[in-house]
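Based on the provided sequences and hints, a complete structural model is requested.
Order-wise, the sequence lines are chains A, B and C.
In this text, residue positions in the first sequence follow our numbering: the first is 1, and each later residue adds one.
In this text, residue positions in the second sequence follow our numbering: the first is 1001, and each later residue adds one.
In this text, residue positions in the third sequence follow our numbering: the first is 2001, and each later residue adds one.
A hint or two may mislead.
[What the hints assert, rightly or not] In silico BS3-like links for lysine-lysine, alpha-carbon gap of 25 Å or less: (1) B/K1335 - A/K7; (2) B/K1100 - B/K1038; (3) B/K1475 - A/K48; (4) C/K2122 - B/K1150; (5) C/K2086 - B/K1150; (6) B/K1445 - B/K1143; (7) B/K1155 - A/K10; (8) B/K1445 - B/K1251; (9) B/K1475 - B/K1445; (10) B/K1150 - B/K1220; (11) C/K2086 - A/K99; (12) C/K2095 - B/K1155; (13) C/K2086 - A/K39; (14) B/K1100 - B/K1067; (15) B/K1032 - B/K1472; (16) B/K1143 - B/K1120; (17) C/K2122 - A/K7; (18) A/K48 - B/K1220.
[Stated by the list, open to error] Covered by chain A, per the in silico footprint, the following chain B stretches (three or more residues, Cβ under 8 Å): (19) 1123 to 1137; (20) 1219 to 1225.
[Claimed, not checked] From the derived model, a few chain B residues whose C-beta atoms are all more than 10 Å from chain A: (21) F1013; (22) I1082; (23) P1194; (24) I1200; (25) K1246; (26) F1287; (27) R1294; (28) E1348.
No wet-lab data here; the hints were simulated from the structure.
Quick reminder that beta carbons are idealized off the backbone N, C-alpha and C, glycines included.
As a plain string of letters, each chain reads:
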Amino acid sequence: MFEILRKTLKTGTVTTQYPDRPETAPEGFRGKPELFPDKCTYCGECVKACPPGVIWLNEDNDGKTLTLSYCGCIFCGRCEEVCPGDAIRLTQEYELASKTKNDLITIIRRKI
Amino acid sequence: MKSEYTDSIRKEFGSVILDENVSHNETYLTVKRESAVKVCDYLYHHFDAPIVSIFATDERRTDGCFKIHYVFSLDKEDAFIIIKINIDEKSPVFGSITHKIPSANWYEREIQDMFGLVPKGHPDPRRLINFEDWPPDSYPLRKDFDIRTKPPRVKGEYVYRRVEGEGVYEIPVGPVHAGVIEPGHFRFSVAGEPILNLEIRHSYTHKGVEKLFENISIDKAVFLAERVSGDNSVAHAVAFCQAIEKIAGAKIPKRAKYTRTILLELERLYNHLGDIAGIATDVAYAFGAAHANRLKEEVMQLNESVTGSRLLRGMNTIGGVRRDIGGSEEIILEKLSSLNLDFSELMELLFASPSVADRIETTGRLYNDIAKGLHVVGPAGRASGIVRDTRRDHPYAAYGELAFDVPVLKSGDVNARTRVRSDEVYESISLIEQAFSRISDGDIKVNIREIPDGYALGYAEAPRGETLYWVKTSKNMIERCKVRDPSFCNWLAIEYAVLDNIVPDFPIINKSLSLSYSGNDM
Amino acid sequence: MTVEDELEIMGQRLNEKIKNIFGRSLHIREVDAGSCNACEVEVTALSNPIYDIERFGLHIVASPRHADMLLVTGPVTRNMELALLKTYNATPCPKLVAAMGSCACNGGIFGDTYASGGGVDKFIPVDVYIPGCPPRPQAVIFGLMVAVDKLDQKIRKKEA
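Encoded structure:
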């Protein structure tokens, strides 16, 4: 009995204050992928490397469009690894929940 | 491998061996189809070699037939013998070995479902993977089956074993359970409280993983391997990567080997802590459960700060690892030393508690002969006196250079399984400490550009036990990938472990065996 | 007033009703529709002393009949489809559905195959998507809060 009390007191409170107090994910965490439109060359390397296939490259008369859905993203960071121009990076952002799927898409365009 | 085994087989069965082929520590012997039962029986009983996997391949395009592989492990030699038979499409039957080797049961039923090859003489030829609404003559792992097809649902019935008698009734449980666990169906036949019979029915989480392996590129397949059984991500990824590296003949850098070892042991730590927390929860020892859960969470947070993933995902790749964890040495070692003390205090209190002892001692006994017959692996097997550990018997990563004990107990009850895990926690801590003291500077991966056509076994000791991959590559793609999760071996054990126990003890027994549904169903 | 307007107003009323009914407490039934069990590890973590979601009035309950929300994981396998629909139908109205993890959101790495359904919203209506593979416990808490409108969602469609 005393041992249990001792252990309880020694441990103290461990409960997190989230979400009242924001908590950042540790450095190196693979969260929401961010695209940098000025760096992207629309080469399509990330499209080829994505395991669940949630990055698409479209070309039409107006220009090129890169669409990334982090809805089915597995946050593996392959896109970041293969990108020749550092145009995609996985950030520490993890609060991604959304009521619509459309919010879970990032689109960048380059007009001709 | 010592040739005495192959010599002895040749002497005994010389006339039935059609082909012989050795690669690495694997010896492939193709025998006549009708002799497979005899040869397997000989290997199993004469050499005491456990059968670790049975799987089929569809090689109709290249060799004009299906092939079945029976993989035997020679633990003392760190070698494998693979018996192969060819099966013509026109006569898709093979002799069942289940009546000689009980652990073959589910493998043969799996082959029947996925390839349409019929195990003749199988004592229980019901469906295993495909449900009753799956159309006949449609076999997912045949090469002419397109992964995108959605076969129509047909009418069918699955018949459960029945126990009849006065006062006997059935309790169906699942697939959606009361707790936060995976889906599966359990059907108890009980008279009063004691369980007379339990039949488990799985495959609710069948996601077509093996077929998916054949449809994605090899570098992406590592991430799929991580998702076969989520809490054993590292072991699956390592086993898969090792198979590919074996095929490519690549030697990975020492630093990568040690990093993999550290990751594998971190995975074992949080799994074992979680299992102990689960057992404490199920025996209503709330104090122990809260603390064990806290320790598990601490390790998972450590994982996240070191690798970016709480489940250690995304670390392994063909040829090594993706991130160097050298910078985290201090925080890992610091955390482990505090964990060591914290955990030992907790275990002392847990095992001293009469209410815990009362619930876990003699509960859910899995006797050694049954465990051996079913080829129960991992901590569950070691708690029933089975002295096997892939890390020691088939050393991989850096395990050959590190010292560790393999805790084995004989009583086979929940208590033994809890204690084996608790002992393994200390071994894991010591292994990580040793690994950090011996790790050397250098590259963390080698680049493997081309993967030649070939096949090989990859294996790792997951927290649940021996995990086995057999991969065959062709033109830089995967031709066939057989995944054998430890749970595929261990699930049947629960039908025996619960006998004569009362229904309220089922959750503890289930938890103590720590079985993955996803790894089993794939 | 067009039909769309009417529907919109009805939708808003229903939303407020749901908020009023649920108040600050929510009973959650977790349904594994074929996940790899990583999401289950994180759902289990929600009840540990660190995250302790009971402090928000969020309870994980044993039966869909007691639940206000289904927290669904996995891509919905062919073999779990019927069980998921039965669970959904057994949950009393009004009810919320949260798709947790990349498989539940969109099929994830398992995609849409003979065995995998490619996401929960192909089978039952989904109210909130919680991406992640698996989402860390804080991300799940955030998702549950978004579902009951306790927190405003932070993410908006980005176009550049």
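So, going through the hints one by one against the coordinates:
Distance restraint check for B/K1335 and A/K7: the Cα-Cα separation of roughly 18 Å lies within the 25 Å cut-off, and the hinted pair is therefore satisfied. The hinted pair formed by B/K1100 and B/K1038 meets the criterion: a straight-line CA distance of about 9 Å does not exceed 25 Å. Simply put, B/K1475 and A/K48 have alpha-carbon atoms about 18 Å apart, close enough for the 25 Å limit, and the pair holds. Among the hinted pairs, C/K2122 with B/K1150 is consistent with the structure: their alpha-carbon atoms are about 14 Å apart, no more than 25 Å.
The hinted pair formed by C/K2086 and B/K1150 meets the criterion: a straight-line CA distance of about 21 Å does not exceed 25 Å. About 34 Å separates the Cα atoms of B/K1445 and B/K1143, which puts this hinted pair outside 25 Å; it is violated. Taking the CA atoms of B/K1155 and A/K10, the gap is about 61 Å. The hint is violated against a cut of 25 Å. Note on B/K1445 and B/K1251: the hinted pairing holds, with a Cα-Cα distance of about 10 Å set against a maximum of 25 Å.
The hinted pair formed by B/K1475 and B/K1445 meets the criterion: a straight-line CA distance of about 23 Å does not exceed 25 Å. Among the hinted pairs, B/K1150 with B/K1220 is consistent with the structure: their alpha-carbon atoms are about 24 Å apart, no more than 25 Å. Of the pairs offered as hints, the one joining C/K2086 and A/K99 holds, with about 24 Å between alpha carbons and a cut-off of 25 Å not exceeded. Between C/K2095 and B/K1155 the CA atoms are separated by roughly 32 Å; this puts the pair beyond 25 Å, and the hint is violated.
Among the hinted pairs, C/K2086 with A/K39 is inconsistent with the structure: their alpha-carbon atoms are about 49 Å apart, more than 25 Å. Only pairs whose Cα atoms come within 25 Å are accepted, and B/K1100 paired with B/K1067 is accepted, the gap being roughly 21 Å. Restraint check for B/K1032 and B/K1472: the C-alpha separation of about 22 Å stays at or below 25 Å, so the hint holds. Simply put, B/K1143 and B/K1120 have alpha-carbon atoms about 23 Å apart, close enough for the 25 Å limit, and the pair holds.
As the CA atoms of C/K2122 and A/K7 are separated by approximately 49 Å, the hinted pair breaks the 25 Å bound. Between the alpha carbons of A/K48 and B/K1220 the distance comes to roughly 10 Å, so the proposed pair stays at or under 25 Å and holds. Note: the segment 1123 to 1137 of chain B has 0 residues with beta-carbon separation from chain A under 8 Å; the three-residue rule is not met and the coverage is violated. Restraint check on the segment 1219 to 1225 of chain B versus chain A: 4 residues with Cβ-Cβ distances below 8 Å, three needed, restraint holds.
Once the 10 Å rule is applied to beta carbons, B/F1013 is consistent with being away from chain A; the minimum gap is 45 Å. Every C-beta of chain A lies more than 10 Å from that of B/I1082, the closest at about 30 Å, which supports listing it as non-interface. At roughly 33 Å from the closest C-beta of chain A, the C-beta of B/P1194 stays outside 10 Å, upholding its exclusion from the interface. For B/I1200, the condition that its CB be more than 10 Å from all CB atoms of chain A holds, with the nearest at approximately 30 Å.
Listed as outside the interface, B/K1246 is consistent with that label: its C-beta sits roughly 22 Å from the nearest C-beta of chain A, beyond the 10 Å cut-off. Look at B/F1287: its CB is around 6 Å from the nearest CB on chain A, not clear of 10 Å, so calling it non-interface is violated. The claim that B/R1294 lies off the interface is violated: its Cβ sits roughly 6 Å from the closest Cβ of chain A, which falls inside the 10 Å cut-off. Non-interface status of B/E1348 relative to chain A is broken: a Cβ of that chain comes within 10 Å, the nearest being about 8 Å off.
Figure legend: structure checked against the earlier numbered hints; hints not met, in rising order: 6, 7, 12, 13, 17, 19, 26, 27 and 28.
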